[in-house]
Amino acid sequence: MRLCFSLGILLALAGCASERVVLLPSKDGRPSEVVVRWQGVEHRLDQPYASATRRPFVLSRTATSSGEVGELYGTTLSALPERPVSFVVYFLEGTDTLTPESMASFDRIKAQLVSRSAPEVQVIGHADRVGSVADNDILARTRADSVSKILVEAGIPADLIAVSSRGEREPAIATPDGVAEPLNRRVEISVR
Amino acid sequence: MIRSHCLLAVVLATAAVAVHAGEYAGRVKSSRGDVTIERSGTRIPAPVGTTVEVNDQVRTGRDGSVGLTLRDNTLLSAGPNALLILDRFAFDTTTHAGELEATVQRGTVAVVSGKLAKESPESVRFRTPTSILGVRGTEFIIEVIGRPEE
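Read top to bottom, the protein sequences are chains A and B. So the first sequence is numbered by this note's numbering: it starts at 46 and just counts up by one. So the second sequence is numbered by this note's numbering: it starts at 12 and just counts up by one.
Simulated from the structure, these hints should not be mistaken for laboratory data. Backbone N, C-alpha and C fix where the C-beta goes; we use that ideal spot for every residue, glycine too. Take the hints with a grain of salt, since some may be wrong.
Stated by the list, open to error - Simulated coverage check for chain B against chain A, where a stretch passes if three residues somewhere in it have a Cβ under 8 Å from a Cβ of chain A: (1) 43-57; (2) 98-107.
Claimed, not checked - Capping the alpha-carbon separation at 25 Å, the derived lysine-lysine pairs in PhoX-like fashion look like this: (3) 194(A) to 129(B); (4) 129(B) to 155(A); (5) 155(A) to 194(A).
Claimed, not checked - Stretch-level coverage of chain B by chain A, calculated; a stretch enters the list once three of its residues show a Cβ under 8 Å from a Cβ in chain A: (6) 69-81; (7) 120-128.
Bound conformation, chain B alone (with noise of 0.2 Å):
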């Protein structure tokens, strides 16, 4: 019941339209164990290299961990049991100007932030599950735990 509601919670959040999809954002520079990225409904393996596309769910299993680079050097990393979803991005190289937003549905994630927070800080917003953070020009992390594993 209680199980049920959370993964409709999930759904729900994750099935919001993403403007830009299927636009490179960045690649994959850390890649250990489990490490996969679903696309279109299909989900590949995720080594070092890959492209990271708007729209991505990045997963990590019980042993993996990710590392990300976005095209504004922003840095993102994932643990264990982790999901993170690269909501929107963009990325002008010559303004700086753009959007990055990502939500962490389950597990910790670090970030460095990158051209894009130092140029509109207003432009980036984290999420989790029920809480939006706003950022300057910052390293933090996210953690959310106790959410389902599908």
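Chain A on its own, in the form it takes in the complex (with noise of 0.2 Å):
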């Protein structure tokens, strides 16, 4: 009885089900991996069109290209939503006025809220490491919400923004702790 169970399982994995996967060259350039794992096989795709195939009782690495990416998946590929894009804004010096190239990015912004479908804008605050990361924290946060004002009063939706704080976390130019870096102190304005 529990043979026949087991042997039916089985049956019904063998009879049902193929899986494919399919690393894609990465559009930002970024070094690109995927580890497929099976019942203890593993493959590691790590080439532009490298493909692991599963069939009944065994996973192999099979080849493909982008013809044929096209050809099967091209339905899937073009249901992907538009890439993020960011914007960053910088601030006179000791103000938190915007420098005027910044204020420029507004009309760019703006035509991205018309282009994308339910639009979302990240307002998102950087420090420098001058500082705890605790008090960069609120600082870059601050910083967030003076842009966020600023880009509602500039007539972008207000329900449409959220505003966060990555605080020193992410420079622009990586820096010892304490260095004072006038491009790391800024807003990056990410719509999606």
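These two chains come separately, so use the hints to put the complex back together.
Okay, here's the thing in structure tokens:
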């Protein structure tokens, strides 16, 4: 009985499913890798268009191509949401006033809001590494809040905007702790 | 006989308890044809703008396709006859800590990984009915064919 049941499961798995994983080239050029594990067997895909296919009882490495991917998965790929885009704004030194160049990027942000479906705006504050991590969380948040206000004044609906702070965790330019760096005192406006 | 065992496997897999159920995880950005989300036992249509929550089961029909953007900027899309389950999702916008776990039960799903995979690749996992995928700064496709439609 039990054997029959196990056999049934095996037959079911064998009969009803095959699976495939295809690694695509990454658009931003970052190193890219997928590790596929199946019942103790492991395949590491680290080249564009490398793929692993699991047919009943076997996981094997298979090759594919850009043309084949387009043909088989074009419908799925064309449903991918538009990639998020980021704008960085800077403050005049010692003020919460944005530089004129920064103000000019607002028109491009507005254009993004018109062209995207269900757009969302992330306003993300950053600080340099002067001061403590906790203080920089607050400082970067304050910067992000003031940019959020300016965006609303510029006509961007407040309910599309979410404000957050990365503090000193994501410097544009890496520095030792305690170093003042104007390019790290910034606010990122990401539209998705 | 074979069909019922397939169904059993699907039921068992989807019965797995998810933490953070009901938490806002993302948003539908593209939706064509028949696209629904099953949430707490109820199926709702999922046009552009619909929020996606943890534990949601996203389904597409024969002519359907859907695209989602999660809060960490992970992009997901599913082609026709797909079932994608968002098992776990958490994302801290300050530290970028969190986790993402999703299962492709059937159909084709494309993934463009987001900030979670960049910050801590080990916190991102995709599953198929039989395999587990680990991810590192990556764009890829998962295809599960021959699974029954319910």
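Hints, one by one, checked against the model:
Coverage of the segment 43-57 of chain B by chain A is violated [criterion: at least 3 residues with CB-CB distance below 8 Å; count 1]. Coverage of the segment 98-107 of chain B by chain A holds. Counting CB-CB distances below 8 Å, 4 residues qualify, and the rule asks for three or more. Simply put, residue 194(A) and residue 129(B) have alpha-carbon atoms about 30 Å apart, too far for the 25 Å limit, and the pair is violated. Only pairs whose Cα atoms come within 25 Å are accepted, and residue 129(B) paired with residue 155(A) is rejected, the gap being roughly 28 Å.
At most 25 Å may separate the alpha-carbon atoms for a hinted pair to count; residue 155(A) and residue 194(A) meet this at roughly 15 Å. Coverage of the segment 69-81 of chain B by chain A holds [criterion: at least 3 residues with CB-CB distance below 8 Å; count 5]. Under a criterion of three residues with beta carbons nearer than 8 Å to beta carbons of chain A, the stated coverage of the segment 120-128 of chain B is upheld, 3 such residues being counted.
Violated hints, listed in ascending order, are 1, 3 and 4; each of the other numbered hints is respected by the structure.
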